[in-house]
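Asks: Spelled out from the first residue to the last, the chains are:
Protein chains: 2
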Amino acid sequence: MTYNTVIALDAMGGDNAPGEIVKGAVEAINARKDIKIHFFGDKEKIEAELSKYQYDADQTEITHTTEEISCDEAPAMAIKKKKDSSLVVGLKSVKAGECDAFISAGSSGAVLVGGQVLVGKCKGVKRAPLAPLVPTEKGISLLIDCGANVDARPEHLVQFAQMGSIYMENVVGIKKPKVAIVNIGAEEAKGNALVKETYPLLKECKNINFVGSIEARDIPKGDVDVIVTEAFVGNVILKLEEGLASTLIGVVKKGMMSSLRGKIGGLLVKPSLKKTLKTFDASEHGGAPLLGLRGLVVKIHGSSTAKETKNAILQCVSFKEAKINEKIMEHLTPETEQADA
Amino acid sequence: MTYNTVIALDAMGGDNAPGEIVKGAVEAINARKDIKIHFFGDKEKIEAELSKYQYDADQTEITHTTEEISCDEAPAMAIKKKKDSSLVVGLKSVKAGECDAFISAGSSGAVLVGGQVLVGKCKGVKRAPLAPLVPTEKGISLLIDCGANVDARPEHLVQFAQMGSIYMENVVGIKKPKVAIVNIGAEEAKGNALVKETYPLLKECKNINFVGSIEARDIPKGDVDVIVTEAFVGNVILKLEEGLASTLIGVVKKGMMSSLRGKIGGLLVKPSLKKTLKTFDASEHGGAPLLGLRGLVVKIHGSSTAKETKNAILQCVSFKEAKINEKIMEHLTPETEQADA
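First to last, the sequence lines map onto chains A and B.
Numbering follows this note's numbering, in which position 250 of the first sequence is assigned residue number 501; successive positions increment by one, without gaps.
Numbering follows this note's numbering, in which position 76 of the second sequence is assigned residue number 327; successive positions increment by one, without gaps.
Errors might be hidden in some of the hints.
If chains are identical, the list can't say which one is meant, so a pair holds when it fits in one copy or spans any two.
Claimed, not checked - In silico DSS-like cross-links for lysine-lysine, where the CA-CA straight-line distance does not exceed 25 Å:
(1) K389 with K514
(2) K284 with K558
(3) K514 with K504
(4) K294 with K504
(5) K333 with K558
What the hints contain is simulated information worked out from the structure, not anything from laboratory work.
With the hints as constraints, model all of the structure from the sequences given.
Replies: Given below as structure tokens:
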């Protein structure tokens, strides 16, 4: 049987591998009969995990690998040396066209570097941005780029805006997604050299719905769908949101526990708080795609559980079904060139 | 009588001017007999506010001004045109040496531009950074630079680190303050071009206690005292902290109100929550100084009340007493040059 989407899954990456990763994969294949999961990793360990569940074995395949890349290793070096790692062999299966997408909860650096080096960029794509969905008051926004490609140029940011729009429209289902550039003031004249040069290019760009600048304080409100910035600033935004949310929640909990009255109240508010904070839980929204590659590469959080793994798999299916890469090449490649994917 | 510190106060700037500004000033002079407040603004309005309180009139002086700069005006143009505004006349009194410090809750841009243009930089200072104290889990950190001088060079960041250290040691009272540079990873090899060039310079710098890189997710933890970054990133960090904290608190409140159980619990946790969130209230920590000028210029929040005004005044007194400017010039000026302040 041929499958709609074949996902290469790094069974060895992340804090909860292979247990939660395999569990998430089984949940995904039990939800969709038209997809196949190709596991990369220690065959014996993967089979031991799989034996715990009921599923259609035809929907799985395992390629045994003998090495693992840890988060402490220098990414470029690790990819070069550990040729039989789950990450390298898995990425190569996408390059070879055997799999449509690759998902890993392993080293971010290795996924970013490996994606670009081993899978390669779509024709016309200058840089492959990492574009996580960040939780907001109203839902989710795409923050593009949070990757390892710092010191971007204006033309890169324009492509990020285009790729981000295509993703939000076709995978997340938002019509004419609003695009804004991160800035330190609302006016066009504000900003650093990069933003000042990029702003008019975004304004001219016909295939996006550019709404202007966004100040960092307005990002959590969720009024904008695609938030464009270069990778250094994007990384700062992503990490600060994570850090501040966890610090504030810790501080609130500690505050409640400081008095008997607070403790009782804390027990009462717990269920509603839990529900609310779920809105701000990144694992609800799948992983961060590395856009503009010849196959989809998705980085999920190192602490990912079965739920995030499953969500990321289903996200990849939507990506494939929506023909995102074809759309990206259509929008970014000059008409005279032939897309060669 | 001569006073230890004379503060020029913009009585017309901010959402609560002149009422809360004048009230804060009266609280400050009633707390310290050795300081004087020089008000700039509409004399009649200031006198009307002052008449509500008991205080030693010798500790006050009013210079009547007829114009005000609003937050909507382009800063450089406003400063040039509105020569009789409270902001321009007040800043000039610092330049003339009549006042030691200037405080305003008015337009950030006008304070930043006016401070540099009208007061002028200390000899040896390349750029005057805006350095707010940001609340953390453990207390406060100095975030330097959050100003309007984007696209900084490595030598600017080194001076920011030095000025920030002097401030934290002498005004806030932290011995050998820990200095870190905002980065997207902990290793020296990480970062954009600016950070990679600056890192070794900070490492070599003998008069600071440089501890390496800090990732944005660790900023709220408060392990570091001086957080060095260029203004664009600093502004993003400052605004995102503001925005995310207010969004999360709003979401938590809404969550509690969504059920009866939550409502009752909410009432019980309110006092402890309020106390805890006070730790994260920037107004507790005075204003943001613009460092490296020939007099201190402090920007306080547009929504400042009497409390923040008073705290900012007392912060200026510490600044003057600690001879920060002399120390900055000592540390930054080559030995052969004479400090000329």
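Asks: Please work out whether the CA atoms of K333 and K558 approach to 25 Å or closer within one copy, between two copies, in both situations, or in neither?
Replies: neither (29 Å within a copy, 60 Å between copies)
Asks: With identical chains treated as interchangeable, where does the CA-CA distance between K284 and K558 reach 25 Å or less: within a copy, between copies, both, or neither?
Replies: within (18 Å within a copy, 64 Å between copies)
Asks: My question is about K514 and K504: at a cut-off of 25 Å on alpha-carbon distance, are they close within one copy, between copies, both, or neither?
Replies: both (9 Å within a copy, 17 Å between copies)
Asks: When Cα atoms must be at most 25 Å apart, do K294 and K504 count as within-copy, between-copy, both, or neither?
Replies: neither (43 Å within a copy, 49 Å between copies)
Asks: Between K389 and K514, at a C-alpha cutoff of 25 Å, which is it: within one copy, between copies, both, or neither?
Replies: Close across copies (22 Å), not inside one copy (30 Å); limit 25 Å.
Violated hints, listed in ascending order, are 4 and 5; each of the other numbered hints is respected by the structure.
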